[in-house]
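Asks: These are the residues of each chain, in order.
There are 2 protein chains.
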Amino acid sequence: MVEERIWTAALVVIGDEILSGRTQDKNVAQIAQWLNVQGIRLAEVRIVADRQEAIVEAVNALRVRNDYLFTTGGIGPTHDDITVDAIAAALGVGVVHHPGAVAVLERYYATRGGATEARLRMARVPEGAELIENRMSGAPGIRIGNLFIMAGVPHITAGMLDALTGTLEGGRPVVSGTIGSWAPESEIADLLAAAERAHEGVAIGSYPFFREGRTGANFVIRSPDADQVERCMAELAVALAAAGYPTVAGGI
Amino acid sequence: MVEERIWTAALVVIGDEILSGRTQDKNVAQIAQWLNVQGIRLAEVRIVADRQEAIVEAVNALRVRNDYLFTTGGIGPTHDDITVDAIAAALGVGVVHHPGAVAVLERYYATRGGATEARLRMARVPEGAELIENRMSGAPGIRIGNLFIMAGVPHITAGMLDALTGTLEGGRPVVSGTIGSWAPESEIADLLAAAERAHEGVAIGSYPFFREGRTGANFVIRSPDADQVERCMAELAVALAAAGYPTVAGGI
Chain A
1 MVEERIWTAA LVVIGDEILS GRTQDKNVAQ IAQWLNVQGI RLAEVRIVAD RQEAIVEAVN
61 ALRVRNDYLF TTGGIGPTHD DITVDAIAAA LGVGVVHHPG AVAVLERYYA TRGGATEARL
121 RMARVPEGAE LIENRMSGAP GIRIGNLFIM AGVPHITAGM LDALTGTLEG GRPVVSGTIG
181 SWAPESEIAD LLAAAERAHE GVAIGSYPFF REGRTGANFV IRSPDADQVE RCMAELAVAL
241 AAAGYPTVAG GI
Chain G
1 MVEERIWTAA LVVIGDEILS GRTQDKNVAQ IAQWLNVQGI RLAEVRIVAD RQEAIVEAVN
61 ALRVRNDYLF TTGGIGPTHD DITVDAIAAA LGVGVVHHPG AVAVLERYYA TRGGATEARL
121 RMARVPEGAE LIENRMSGAP GIRIGNLFIM AGVPHITAGM LDALTGTLEG GRPVVSGTIG
181 SWAPESEIAD LLAAAERAHE GVAIGSYPFF REGRTGANFV IRSPDADQVE RCMAELAVAL
241 AAAGYPTVAG GI
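Protein chains in written order, with UniProt numbering: chain A, 1 to 252; chain G, 1 to 252.
Hints should not be assumed to be uniformly reliable.
Taking CB as the label site, the calculated pair distances span [to be verified]:
#, chain 1, residue 1, chain 2, residue 2, range
1, A, 211, G, 194, 51 to 59 Å
2, A, 113, G, 194, 17 to 25 Å
3, A, 252, G, 166, 32 to 40 Å
4, A, 235, G, 171, 48 to 56 Å
5, A, 167, G, 210, 23 to 31 Å
6, A, 197, G, 210, 46 to 54 Å
To give an idea of the chain A side of the interface with chain G (calculated C-beta under 10 Å), a few residues [as the list claims (entries may be wrong)]:
#, residue
7, 13
8, 117
9, 197
10, 222
Computed footprint of chain G on chain A; a stretch qualifies when at least three of its residues, placed anywhere within it, have a C-beta under 8 Å from a C-beta of chain G [as the list claims (entries may be wrong)]:
#, stretch
11, 17–31
12, 37–48
13, 118–130
14, 179–190
15, 239–249
Note that these hints are calculated values from the structure, not bench results. Glycine residues also receive a C-beta, built at the ideal position from the N, C-alpha and C atoms.
Produce the complete structure using the sequences and hints provided.
Replies: In structure tokens, the structure reads:
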């Protein structure tokens, strides 16, 4: 049997507003779900402050050990937007105005007061970069090698992900199935572990909840092999029912 | 002038369910806000998979360079709950059943079917650890030195944070003020940078939005010095108004 190649990505979320608790991050879940459709696994995430050393450290640690690296945040026109400079420093390249980005911004701001110097800051890219289309607002995203520099505002990031859909090489997407049961986790822990052991390449996650005064859990069965997921889920449902915990397909 | 001591914490979020995009993390924002009230800054976050090597690497990297380290997730009774073993490995200590935790679980499960072996897995702690009270469900959190091992389910984590309130040494909490304006960021970027430069120790974050077909931004002024925040916010409001962008206190 040939070992299946697993494609991985990492994400660096850049922003004091996430670390202060002011803003609830939405990009981790959004990018994770999008990556899975591309057959790429989100392997690790770091959330760092708007400080160049912090960004450089995270980018350099993660880009060498993953197939792709995404960043979100810090690509606007204000003083706290330092992502482009930090990534250029991490890669050891200069920062240039990208002619394509200048053209995009000049077109976008033609009817909005003109492309001022402050606005053209958003055309600055690490040397050697390409653009990622942004249909939502002026400033494009940036691609340099396996590194993707995205917006912080989630709906703008969503548009950039759309523009990238189908362009990244990946493997088989992970398929998942969920069943739920009003079972206390601690009652069925052995049974779950046995089900995971019996199906190679399958990972079972157990997510407890407390509702209506009762304890239950949802079980998420994940594998790139859809047949394995089906088989494992069916056998687990039988085992849980036999233990006195009937299951609900799709989760509770 | 004596340099003000800044207390920092890091957070390791442990869980495949966050990295797959299945579950939206809530603990980063919740812990960040709680830490700020304690006078401690959340300096960095890593989200890692349910794999021992990944947990060990993150814990060892972050605990030495922060005053406190928190983890969330992976302390239940099932096979995917490996946090205690991974942290014990990171610290180079063994894993023991904590007598206090055994007592808590025996009491909790006395009327719920008894403290089975699977349930007593939740009494396992790295050697030398103390317990963090959990008023929500059976299994306590765990403290070992500057390391705090918390639940993954946000409302259980919230209860554990309550139990820790006021027990951690910190500095002055960061105070923040927000003003908003219907100003395109790129129009007022220089003005913002100047306001930040003019007030030592103050950080201004600029958070753009697009609403009702118009562009605006909220500006968050942060410092441990409440007077500095007040002054900077007042001067920024005047400068923005003079540039043609009246402001709204508290943000838009």
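Asks: Evaluate each hint against the coordinates.
Replies: These are the hints, each one checked on the structure:
Between residue 211 of chain A and residue 194 of chain G the CB atoms are about 53 Å apart, so this pair conforms to the stated range of 51 to 59 Å. A hinted range of 17 to 25 Å for the beta carbons of residue 113 of chain A and residue 194 of chain G is consistent with their spacing of about 20 Å. Separated by about 37 Å at the C-beta atoms, residue 252 of chain A and residue 166 of chain G satisfy the suggested range of 32 to 40 Å. At about 55 Å, the beta-carbon gap between residue 235 of chain A and residue 171 of chain G stays in the expected band of 48 to 56 Å.
A beta carbon spacing of about 26 Å between residue 167 of chain A and residue 210 of chain G agrees with the range 23 to 31 Å that was offered as a hint. The hinted range of 46 to 54 Å is satisfied by residue 197 of chain A and residue 210 of chain G, whose Cβ atoms lie roughly 50 Å apart. Because the closest C-beta pair between residue 13 of chain A and chain G is about 8 Å apart, less than 10 Å, the hint holds. The interface hint given for residue 117 of chain A holds, since its Cβ lies 9 Å from the closest Cβ of chain G, which is under the 10 Å cut-off.
For residue 197 of chain A, the suggested interface contact is upheld, since its CB lies about 9 Å from the closest CB of chain G, less than 10 Å. Contact between residue 222 of chain A and chain G, as hinted, is supported at the beta carbon level, the nearest pair being about 7 Å apart and thus within 10 Å. Three residues within the 8 Å Cβ limit are the bar, and the stretch 17–31 of chain A against chain G gives 14, so the coverage statement holds. With 8 residues bearing a CB less than 8 Å from a CB of chain G, the stretch 37–48 of chain A meets the requirement of three and the coverage assertion stands.
Counting residues of the stretch 118–130 of chain A whose CB falls under 8 Å from any CB of chain G gives 4; the rule of at least 3 is met. Interface restraint, the stretch 179–190 of chain A with chain G: holds (6 residues with C-beta to C-beta distance below 8 Å; minimum three). For the stretch 239–249 of chain A, the stated coverage by chain G is violated: 0 residues have a C-beta nearer than 8 Å to a C-beta of that chain, whereas at least 3 were required.
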